[in-house]
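Asks: Residue numbers (numbering that gives the first Met the number 0), protein chains in the order written: chain A, 0 to 467; chain B, 0 to 467; chain C, 0 to 467; chain D, 0 to 467.
FYI, nobody ran anything at the bench for these hints, they're computed from the structure.
Treat the hints with care, since some could be wrong.
In this list, chains with the same sequence are indistinguishable; a pair is considered to hold if it fits within one copy or across any two.
[Claimed, not checked] Pairs of lysine-lysine residues, derived as DSSO-like cross-links and limited to a Cα-Cα distance of at most 27 Å, are as follows:
hint	residue 1	residue 2
1	Lys101	Lys158
2	Lys315	Lys343
3	Lys68	Lys238
4	Lys347	Lys416
5	Lys347	Lys372
6	Lys104	Lys158
7	Lys4	Lys315
8	Lys50	Lys158
9	Lys158	Lys416
10	Lys372	Lys4
11	Lys315	Lys347
12	Lys68	Lys4
13	Lys433	Lys343
14	Lys347	Lys433
15	Lys4	Lys433
16	Lys158	Lys433
17	Lys158	Lys372
18	Lys101	Lys50
19	Lys416	Lys372
All values reported here derive from a predicted model rather than from experimental measurement.
Listed below, chain by chain, are the residues.
There are 4 protein chains.
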Amino acid sequence: MMDDKLKEACGVLGIYSNHEDPAISRTVYYGLYALQHRGQESAGIAVSSGKGINYYRGLGLVSEVFNEKILDSLSGHIAIGHVRYSTTGANTLNNAQPLVVKYRKGALAVAHNGNLVNADDIRRELEESGTVFQTTVDSEVIAFLIAREASGDLIKAVKGCMDRIRGSYALAIMTEDSLIGVRDPHGLRPLGLGRYNGSYIISSESCAFDTIGAEFVRDVEPGEIVIINRDGFRSVRYKGPARRSLCIFEFVYFARPDSTIDGVNVHTARWEAGRNLAVEHPADADLVIGVPDSGTVAAMGFAAASGIPLGFGLIKNRYIGRTFIQPSQRLRSLGVRLKLNALKDVIKGKRLVMVDDSIVRGTTSGQIVKMLKDAGAKEVHVRVSSPPIGFSCYFGIDTSTRRELIAASYTVDDIRKFIGADSLGYLSLEGLVKSTGLGADNFCTGCFSGDYPLQVPREGKKYLFEKC
Amino acid sequence: MMDDKLKEACGVLGIYSNHEDPAISRTVYYGLYALQHRGQESAGIAVSSGKGINYYRGLGLVSEVFNEKILDSLSGHIAIGHVRYSTTGANTLNNAQPLVVKYRKGALAVAHNGNLVNADDIRRELEESGTVFQTTVDSEVIAFLIAREASGDLIKAVKGCMDRIRGSYALAIMTEDSLIGVRDPHGLRPLGLGRYNGSYIISSESCAFDTIGAEFVRDVEPGEIVIINRDGFRSVRYKGPARRSLCIFEFVYFARPDSTIDGVNVHTARWEAGRNLAVEHPADADLVIGVPDSGTVAAMGFAAASGIPLGFGLIKNRYIGRTFIQPSQRLRSLGVRLKLNALKDVIKGKRLVMVDDSIVRGTTSGQIVKMLKDAGAKEVHVRVSSPPIGFSCYFGIDTSTRRELIAASYTVDDIRKFIGADSLGYLSLEGLVKSTGLGADNFCTGCFSGDYPLQVPREGKKYLFEKC
Amino acid sequence: MMDDKLKEACGVLGIYSNHEDPAISRTVYYGLYALQHRGQESAGIAVSSGKGINYYRGLGLVSEVFNEKILDSLSGHIAIGHVRYSTTGANTLNNAQPLVVKYRKGALAVAHNGNLVNADDIRRELEESGTVFQTTVDSEVIAFLIAREASGDLIKAVKGCMDRIRGSYALAIMTEDSLIGVRDPHGLRPLGLGRYNGSYIISSESCAFDTIGAEFVRDVEPGEIVIINRDGFRSVRYKGPARRSLCIFEFVYFARPDSTIDGVNVHTARWEAGRNLAVEHPADADLVIGVPDSGTVAAMGFAAASGIPLGFGLIKNRYIGRTFIQPSQRLRSLGVRLKLNALKDVIKGKRLVMVDDSIVRGTTSGQIVKMLKDAGAKEVHVRVSSPPIGFSCYFGIDTSTRRELIAASYTVDDIRKFIGADSLGYLSLEGLVKSTGLGADNFCTGCFSGDYPLQVPREGKKYLFEKC
Amino acid sequence: MMDDKLKEACGVLGIYSNHEDPAISRTVYYGLYALQHRGQESAGIAVSSGKGINYYRGLGLVSEVFNEKILDSLSGHIAIGHVRYSTTGANTLNNAQPLVVKYRKGALAVAHNGNLVNADDIRRELEESGTVFQTTVDSEVIAFLIAREASGDLIKAVKGCMDRIRGSYALAIMTEDSLIGVRDPHGLRPLGLGRYNGSYIISSESCAFDTIGAEFVRDVEPGEIVIINRDGFRSVRYKGPARRSLCIFEFVYFARPDSTIDGVNVHTARWEAGRNLAVEHPADADLVIGVPDSGTVAAMGFAAASGIPLGFGLIKNRYIGRTFIQPSQRLRSLGVRLKLNALKDVIKGKRLVMVDDSIVRGTTSGQIVKMLKDAGAKEVHVRVSSPPIGFSCYFGIDTSTRRELIAASYTVDDIRKFIGADSLGYLSLEGLVKSTGLGADNFCTGCFSGDYPLQVPREGKKYLFEKC
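Assemble the whole structure, with the sequences as input and the hints as a guide.
Replies: What follows is the structure, given as structure tokens:
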């Protein structure tokens, strides 16, 4: 109720150490903590000691799932970790990742960020040939496809799996002796490669490298498979290149500003989006304020480009815990006020530009506009640093059903009236793309344009977002 | 440290109701509570509503794992449950039962009491053909063998599974529309059939029928498959009869005295064992006392046969919880005293017969003898209502390794000296068998005789007791 | 619903060690565990290191409240502990004991078993003179009365407190340098003295001495104050002797059979009560069975005196946890069956004597009689090893209101009909007293006779049982 | 380790409703949530229904302590709440607030923000006259002083209490029929008055009014007592005015920017402090960045005044939970990196002004400077928007001992070298005072100047910060 954002699906991380490292699970712990914004529902770490894989998964934040005793019990020289956003349910824990399986060649652990569009078809086929599933996550399909490769050639197995699956995937895979990173041929979800203590690390975002003191090397390329084991580092290309299609929403909202993805710094892209927004939709106003935290950077860019001073007009309460009690009917009117408060002394009598990164269902924007006006704002000009979201995502983002997307059914002016703004301007798709410094052919812009890099299921298919 | 008993592996239960029954999970809850003595480490219930299977499993006692909210969420018309004894570990929860899988025909849940001796071989074979496992329990092997049967004929699938697996198994299996009970061809582990509310119930022991108000009908026969669904009750025979070999230890210690298994009442068998023990190993004594709770019934039989009065010489503390702190080095001498206390006024100056059901490692018997002597007993004549345990069990009982079995390495007289008794007498195997009223060819007596109903793995094989 | 017993109020324990003893809190832990039957709702331990008192209290069993970390944090050379039965409520934890206060002379901890009949009057008086209370337990009144003595003479302070309070109390009191045991002038509640590791220990029951390896020395006398500190052991008499009035129900039900109180062994008294019962109310029957656990010993005495064989006719489930879900409306008929089961093979066709220790509201006896008849008993002759309970207790036992006591309103024959027994016999008060080997003038028999050792409040006063 | 800030002691809140209000505890819950920044260690709510006071307190965040069931059980028409920062310990829960006591006039609840400097003296005196204490919090002293007033005149009792206590206190007091707000004669800690649903509310900070939809009316004045009950609102003045001395650190760090205290908006004061800092300590630099979150506002003021552009140079991880595992020896070097990360693309090659609100021990500033330089900053000019902290606080702030305050022992240039900054400038005390728009005689500036509004204990006295 208090949040109107798209939900990221997952974050993955993997570390290979040349030596047995008793601190490896702690290092993954801190790395996952840096990726926590990508998923707060469950967390897990799997460790290989060279002889079998040990793992632990739980519901909640990284700091809630693990304690010293658990981390101490996870010792080895390879480790992968996962944080997950997902709908809850009695058996959610069963769907937590990494998924660990035993197969003919030993043990295998898989952590996945993304969404397969043909997982159900593959499941059905595998079931027809006698396969049995215990979870509903895509990772299980991936693990099964890799495990059934008879030859034991891991690269061949991964490639064989890639032949079958369609959709988005950034994978951290661990066998008892190797760490493998895989990025789907379109590169829909990010995956970075770093150096750590003389060996290698992979992570959904580069911010995790900074947190644990690793050095960012480069992005894993779309369609690239990287393998790290005692023979060192190897990179293998999955066949012919596909259209590169990184999810552009990583720059709009998902990724942390201190990450760099496919050569583009997230903070810079957001600042530039704010700049471009000021050019496309100027406003005659006294003060620019960002909706914290996601609108903060774009607001700075907007202020810089427009020459209108930047102000700190909204403060956000940081203390909502997992068990925070939502207001009951009687107190429903409190709404977004529990999370945000307007600084009257800053706002009073001012004509404001209120910058946010996106509007999904439109449920909170109106409440914020009203809060600002109640606090004395003379005018509120809403500026959004991305285009209207009119289409569902099939590649790992929870856009719910299309009917819930306000821009799928309403014009910009209808939305303006609905949220009570004096004016409303969305950044154009061209403007958004330009803010990244790359060409449009580098991105998936499906949620804005309806133009997807690969064929998507019919709208309304049930399984749209039960995967990670 | 305070317990020197063999550990039972599991208890299973299944209920089929002709109608949607909102109380079905509560009924299973009370039934599992009656089977709690068969496993205190984890508990689980799976329910079918006709469209999919819902389940919940947790670590601890039945009363710790479930609450009203969880039970309310488990509604349907078929339900199976499981209680489990097992070694602990970070991922124990993953191995909890019932195991629930999805396969081509829908969902399948399996609850298993017993131990397969060829599970590893089957795993390896299945892995060779591409199968992937996520747990280390035998139930997963069983579920996979059933699920891979292509025709969808459930009976055929179960029989196909039975063709492959060797060992002990009492199974409660549930598909979305049927409840199936299976007992291995040797009938190594018990399984009873009852009537409940106009339909059927299966349970490891008949005591669960009494607790929930069901009526005991008969034992499921060795090699019998019973299927209950909307077409009613059906019994199918797995091919030709094997040697019937019920685990005789069910009568010695595992089963509850109020259960009746294969026509033999457990209490009666224990009383008769006490009687026979008095005949085989009479003692010149003033008082017979039982070691609570397992020696109580045999002590009564011993007293009745010997004419020596029965006394209440040892009291047991009932309040040890799961987190009870074991004495540290400094207080180690407390030992069995934390659990048992001698009644001095009863014992002082008496020559005692102390009756216990079995001696495994011999660690506590000596402490009890000493406690009795400290309390003033003039003599302590230990009588054991079963033979020396000299061999490992491969069919669902945790006998640890053979080296830990005191009777595998020492003579009766050595044991007598070791425990400080004035005399020591074990019931003979003939005496034990006779106490059941059946012939020796009805039982597996492997742990006493080393004579097993089917071929067992070489001693020392690692996987001996990682299954349920 | 499944239990028809009077509830004991509390157990107390105190240890003085001549040296700093890092294991002192563990020793108290095991001692409280031996007293657990006296109270299962909360537990607490307070420790003095000579400089201040440290403590921990929690809701639940001793094994649930404490863990290694907490016990390790409670180090010192004196310690007292408490287990409590009480009604629950949001702030129950606040009422847990020992109560620890800071006053002019330092810190003081009080653990109390009993009930003051004039606590409210004292509270009111103290409040009038400006005192402020934070709990509703009598211990707070006791601590305040001791603390306000100006001179700092501890003995004088305790005596001054005893001048004011009326009712039952066995107290373990600890200052920073002394352990004090106090028993009220009537000796209503038990308190024993033991030797432990060269120093002293006090405990509500002697069974705790056995558990931790201490040696029982003697009972603390009614009106006696014992002080143990660096000057050794001292005993002081509160003025002139009152009528000695130990609660006779300790022998009927509360105390553990392995305890000895005021020179009488509990087991022996129960056995004799069974004997006397057989003489007073013989029965023409085939088998004597006890209702476990409380009727077991008296049943043995009955069998011995009557010559009728003893049988094991009812089995009790041991696994009810704190969160056990009571049957809802739909399953209410399960009732006592969840806790007890009849052994059909033992009972069938027999005329039974069913021995229980007491009948309070009469709610379960009828269910047990029915269960036995359903199991095939031809006749059930109920024998109760104590007299009808017709009056409330004001000295630490929860008898609820008098209206709930079945014997307060019905004749023995009415009760017989109500529970469906073929005959019903209660032991006479004379018979009960005789079973202890002491004269009637040694006991409070108020709940049976209405004759109390000191004046009691009018029936129905609200505060009857809110104290410990 | 990762935080170098002074710790606020507490927040208090009280609501009076003219009618029984089932949602009153929820409203307090949301109000406390808005005050959560003032204390994260424990939280409590006490409610009066007119007949007795009910309460609940626990360790942790407001959202962790309370659940729907607990809030539903706290119904009434008056409520007070408390959040607390404190050192931890086994018995911390005992010291949680509100403190609830029973005394001659009924029940009394007290919630306190502040610290009494003569609490120990009063305790000793009260103890001499026989008083007994159960906690170590000042609130207990306050409750006792109020409760002992014989006449029952509440105003007289509060005034009598104020005659005795010296130090800082903002109090929310509740009897069964009245809500009382008290602010000490110096007004050291803030307390605001608001209108809510036709009645009144008091709160440590006005931000809580916004969150729950109340209207800010005015500050409670130093030495003012406000009473709200069925007779309406009354304000009483404690005798002659003292020197007004609001803690100036509320503007530096403690209070939320959206609060207004004693007529000064916190955000505005911080912005002005940044402005004044730019004037006092200009820097030749390319970019101004704030250390989040506390340095953000001052950085904006600095940028505005200096004309140097504002940048977003440091990002803060929001997901540290209560059980977050601190790095062990092996990973200690991670330090502040777990919490903050530098945005390389923003910083690289730039000469930075890094604005923070204060430096206490100086442990993290050096790490942040190094992080910025590692990220490519050419120069780092540290600017602090308050003066050096050279003296302990005795009025409710945890400054630890004076020895830990870096500015108590080192010169500004030593500190500059220690933290590795290219230049270091602290705002002058005059500059800080000027930023509030009020005169210096309105504030306690003791931690900066050593000049306290009332006599303070000798440095090193143990009890310095065990109170709230």
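Asks: Determine for every hint whether it applies to the structure shown.
Replies: Each hint tested on the structure:
1. Taking the shortest Cα distances, Lys101 and Lys158 sit within 27 Å of each other both inside one copy (20 Å) and across copies (26 Å).
2. When the C-alpha separation of Lys315 and Lys343 is checked against a cutoff of 27 Å, the pair qualifies both within a copy, at 14 Å, and between copies, at 26 Å.
3. Proximity of Lys68 to Lys238 under the C-alpha cut-off of 27 Å is found in neither arrangement, the shortest distances being 44 Å within a copy and 51 Å between copies.
4. Proximity of Lys347 and Lys416 under a CA criterion of 27 Å is satisfied intra-copy only: 22 Å inside one chain copy versus 43 Å between copies.
5. Proximity of Lys347 and Lys372 under a CA criterion of 27 Å is satisfied intra-copy only: 9 Å inside one chain copy versus 39 Å between copies.
6. Proximity of Lys104 to Lys158 under the C-alpha cut-off of 27 Å is restricted to the intra-copy arrangement: shortest distance 17 Å within a copy versus 29 Å between copies.
7. Proximity of Lys4 and Lys315 under a CA criterion of 27 Å is satisfied in both settings, with 15 Å inside one chain copy and 20 Å between copies.
8. Taking identical chains as interchangeable, the C-alpha atoms of Lys50 and Lys158 lie at most 27 Å apart only when both belong to the same chain, with a minimum of 25 Å there against 36 Å between chains.
9. Taking CA atoms no more than 27 Å apart as the test, Lys158 paired with Lys416 passes in neither setting, with 51 Å inside one copy and 56 Å between copies.
10. For the identical chains of this complex, Lys372 and Lys4 are intra-copy neighbours only, at 23 Å inside a copy versus 35 Å across copies, given an alpha-carbon limit of 27 Å.
11. Within a single copy, Lys315 and Lys347 get their C-alpha atoms as close as 19 Å, which meets the 27 Å cut-off; across copies the closest is 29 Å, which misses it.
12. Taking the closest pair of Cα atoms, Lys68 and Lys4 never come within 27 Å of each other, the shortest separation being 36 Å inside a single copy and 30 Å across copies.
13. Proximity of Lys433 to Lys343 under the C-alpha cut-off of 27 Å is restricted to the inter-copy arrangement: shortest distance 21 Å between copies versus 35 Å within a copy.
14. In this assembly of identical chains, the alpha carbons of Lys347 and Lys433 lie at most 27 Å apart only when taken from different copies (22 Å versus 35 Å within one copy).
15. In this assembly of identical chains, Lys4 and Lys433 lie within 27 Å of each other by CA distance solely inside one copy; the values are 23 Å within and 41 Å between copies.
16. In the homo-oligomer, the alpha carbons of Lys158 and Lys433 never lie at most 27 Å apart, since the shortest distance is 34 Å inside one protomer and 65 Å across protomers.
17. In this homomeric assembly, Lys158 and Lys372 never come within 27 Å of each other (Cα to Cα): the closest approach is 57 Å inside a single copy and 43 Å across copies.
18. Proximity of Lys101 to Lys50 under the C-alpha cut-off of 27 Å is restricted to the intra-copy arrangement: shortest distance 12 Å within a copy versus 29 Å between copies.
19. Taking the shortest Cα distances, Lys416 and Lys372 sit within 27 Å of each other inside one copy (15 Å), while across copies they are farther apart (48 Å).
In this structure, the earlier hints numbered 3, 9, 12, 16, 17 are contradicted, and the remaining ones agree with it.
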